Structures are given as structure tokens and as C-alpha cells.
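Construct all of the structure, not just a fragment, from the sequences and the given hints.
Note that the protein sequences, when read in sequence, are chains A and B.
In this note's numbering, each residue's number is its place in the first sequence (first place is 1) plus 1.
In this note's numbering, each residue's number is its place in the second sequence (first place is 1) plus 1.
These are calculated hints, taken from the structure and not from any lab test.
On a predicted model such as this, the values are computed, not experimentally measured, just so you know.
Glycine included, each C-beta is placed from N, C-alpha and C at the ideal position.
One or more of the hints may lead you astray.
[Stated by the list, open to error] Label pairs and their in silico Cβ distance ranges:
(1) B:L136 with A:I50: 30 to 36 Å
(2) A:E4 with B:P132: 55 to 61 Å
(3) B:F30 with A:D155: 40 to 46 Å
[What the hints assert, rightly or not] Just a few of them, taken from the derived set where beta-carbon distance is under 8 Å, the chain A residues facing chain B:
(4) V20
(5) S56
(6) L57
(7) I65
(8) P112
(9) T134
(10) I141
(11) E148
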Amino acid sequence: MAEFFQQSFHAHFNFWIYVILMMIGLWALIAKNNLIKKLIGMSIFQTAIILFYVSLGVKAGATIPILDPYGNKEQAAAYAEESDPAKGKNEKKGTEEKGDSSYVGKKSPNPDIMANPLPHVLMLTAIVVGVATLGVALSIAQMIFKEFGSLEEDEILEIVKGGNVDD
Amino acid sequence: MRLSQIFATIAVVITGCILLYGVSDFPGFGDPHSPANAGVPGSESVSQYFITESYGDTKVPNLVTSVLADYRGYDTMFETVVIFAAGMAIFAILGAVGGGGQPREQSEEPFFVNGDHSRIIVGTTCRLLVPVIQLFALYVIGHGHYSPGGGFQGGVILAASFIIIALSSNLNAALRRLSEANYLRIACIGILIYAGFGVLCQVLEGNFLDYGLLQPVLLTDGPEMARSHSMLGVEIGVAFTVTAIMFAIYANLSSRGTLRDGL
Chain A
2 MAEFFQQSFH AHFNFWIYVI LMMIGLWALI AKNNLIKKLI GMSIFQTAII
52 LFYVSLGVKA GATIPILDPY GNKEQAAAYA EESDPAKGKN EKKGTEEKGD
102 SSYVGKKSPN PDIMANPLPH VLMLTAIVVG VATLGVALSI AQMIFKEFGS
152 LEEDEILEIV KGGNVDD
Chain B
2 MRLSQIFATI AVVITGCILL YGVSDFPGFG DPHSPANAGV PGSESVSQYF
52 ITESYGDTKV PNLVTSVLAD YRGYDTMFET VVIFAAGMAI FAILGAVGGG
102 GQPREQSEEP FFVNGDHSRI IVGTTCRLLV PVIQLFALYV IGHGHYSPGG
152 GFQGGVILAA SFIIIALSSN LNAALRRLSE ANYLRIACIG ILIYAGFGVL
202 CQVLEGNFLD YGLLQPVLLT DGPEMARSHS MLGVEIGVAF TVTAIMFAIY
252 ANLSSRGTLR DGL
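If you want it as C-alpha cells, here you go:
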């Protein structure tokens, strides 16, 4: 058991944290009685998923996925190492472009020196959409409070049931 | 502890254990050759293609922007529509009872309120900060190709500057600068800019959002530069919508849909 824990946790601590955060969020969503606390749980759940995606795209020793137009020495060296100079010159139209950007004319960047851009793209929109949907949820909570005078789930259920009997 | 909480705990613990069991099959943290980063043998990951080829395709150094606005342009357009729809939903949920449309009699409180010293400090700080924040937001939007940034981030920063005005003074001060009619208009214009780029490509007998065809319209050196410039246009559209909707969410939530008084 301890061995499993050590092996699994050491190489995968990011996934462990994601699972723990996600379960905190899930527990709050199921067990909490207050609607605002449920929404906080939903946000924690969302954060866990964002952490999961972003940590999938991490590469050890890699930099951000932006080509440096002003000549990053390390990047340039990595390109030079990767590209075959004789082949690289004719392959890309980039050689004809003016400017001495470090990446222009080189064959192509070595993928290992840059973080995976795809999870960043997906999470970039997910964060903003998450804020917008949280806003919708909060506005619904506000209307519920206005209608029932409470945000506690059991109290609202009681009022709803009582109202049905009255009708 | 209530009975439902005990059941919830059991369910969460079981789910967590299953997920943690699955975690041991995942690639290690920071592994550059994991399936997500490098693909599986025989099938290269699409992110490899983005890193190696996207500069040649689009002439945009920020790979995240090029993937966001070009390769996944259709997705990003509808993400923007989701934000727009969320704003409309808040407007419909809260605005229906808000009784909007009536003139707001309440006068705007000045930044400086005599005798209230905490107000003076907050008001002065915000007045100094807001132009800087807005300038930075415009930089983030316009420079999203070359540095971290883009329409979503810049739009949120720009909306934050209006929210700061509302927090430091009151909601009316912010609404005087970005009124309800105007932010709704801006939100629509943002979507229309984005969709307009797509439709323009269709008019030029191409696919929706195939920016390369805009070369004769934008008068650029080649289809790659047309893609680069179209991405800037699309990002500006995203920024319009995000700014308007983020501010609308704050304005409606903080005043319970009445757009009066605020916090």
C-alpha cells in the first residue's frame, strides 16, 4: 500500500491534487444545503478540471508556446539543433521574409521545447465561459432568494411543498 | 451529520478511489512524450503539428492565439456566443423584474466625498489606476499575436476597469460611461464582427472562417498574413463581447437587476 502510494503519488501528484479538488467540489455539490455553497463547490470542480488539462500540457523544461520574435538564444539553439541547415533553407518561404527573427527560415521548432498549446486554448475559453455561467447561476440564486426568502435547499423545498398544498 | 451527507461522503470517496486508481496509468508529470503531448506511435498528436507548422500557416508567433482563432475558430466563435447567451440569460432572469427603462434619478456621487477619508483614498487610487488598466487591456487585445493575451483576457481586463469604477464610486458612475443600451449594443457588435469575418469568407466563395481567402480584401502579402490580420479582427470581436457581458454580469448581479445603487 505504502509502495503504491509512493509510486503513484510521486510521478502523478498533479493528478492526485486534481482528484482531491474535484472530490471536494463534488461533495459540496451533493451534500451542502446552501445554494451558494453548492456554487462554490461547482467552481472548485471547474478549477480541478482546468488544473487537470493544464497539467497535461506541461513538458519538463519547456517554455511557453510563443515563438520569440526578438531572438531567444535557447530557442534559437534548439531550432538550429533540430533543423538541417541545407534542407531548411529551401523548404520554407520564411527565408525570403525580411527581419532577423530567430525562427524565420529555420525548419521548424522542436516540439519538446514548448508547452502543449492545445490545453491552454481549451482552458482559456473555459475559464471565461465558467465565469459567465457562474453569473447565470448567481442570478438564478438571487431570484430564488427573492421568491422564497431563503437559500437553504430544505427550507425552499418545504415552502414549495407547502405552496402546493395551499393551492 | 445528516443522512444525505453520509451517503454523499460514501459516493465521493468511492468515486475518488476509482479516479485515483486510474491515475496510476497516467503519464508522469511533465513528460514530453506523453500521448497528449506527442501522440501515440503511428499517430502524432495534433499539438505537435500546431507547434511545428502553425507559424508557417498563419505567421502568428503566439501559438495559442493561432490555434484559438484559426484552427479552432469555429469553436471559439461559439464560446463567444455562449458568453453572449449567458449575458442575455442574466438580463432576462434579473432584468424582467428590475423595471429597467425608468430614468435613474439618483445622482452620481463624486469620487471625493467630504469628510469620508477612506473614500478619498479609494477614489483617488482608482482614478489613477483605471486609465492604466484600460490601456493595458487594449495592449493585451491588440498584442495577442506576439505575447500572452488575446480577446478573452483583454476583454476581462477592460471589464474589470469598469467594475473598479463601479466599486470605487457607485454603479451609476460606471453606467454613465458604459450604459445599459451601449453594453448590449457592444455585445452584439462583437458577435457580428466575428461572424462577419466568417460570412465574408463565404462571400468570397470559401469556407466559413477560412481567413486565407481574405487576402484580396485585406491587401496583405499572402494568405498567411491575411490569416494573421483576420485573427486580430476576430479577437477584437471577442473582446467587445467579453467586455460588455462581464460588465453586464456585474452590473445586474450587484443591483439585483435594477441597475440602481449597486453594492
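For each hint, the structure was consulted:
At about 33 Å, the beta-carbon gap between B:L136 and A:I50 stays in the expected band of 30 to 36 Å. A hinted range of 55 to 61 Å for the beta carbons of A:E4 and B:P132 is consistent with their spacing of about 59 Å. In this structure the supplied range 40 to 46 Å holds for B:F30 paired with A:D155, their Cβ-Cβ distance being about 42 Å. Taking 8 Å as the C-beta cut-off, the interface hint given for A:V20 holds, the closest approach to chain B being about 5 Å.
Taken as an interface hint, A:S56 checks out: its beta carbon lies about 7 Å from the nearest beta carbon of chain B, inside 8 Å. About 5 Å separates the beta-carbon of A:L57 from the nearest beta-carbon of chain B, less than 8 Å, and the hint is met. Among the interface hints, the one on A:I65 holds; its C-beta lies about 7 Å from the nearest C-beta in chain B, closer than the 8 Å criterion. At its closest, the beta carbon of A:P112 sits 4 Å from a beta carbon of chain B; the interface hint therefore holds under the 8 Å criterion.
A cut of 8 Å between beta carbons decides the hint on A:T134: the least distance to chain B is about 6 Å, and the hint holds. The beta carbon of A:I141 is positioned within 8 Å of a beta carbon in chain B (closest approach about 6 Å), and the interface hint is therefore held. Evaluation of the A:E148 hint against chain B yields a violated restraint, the C-beta minimum of about 10 Å exceeding 8 Å.
When the structure is compared with the earlier hints, a violation turns up for hint 11 alone.
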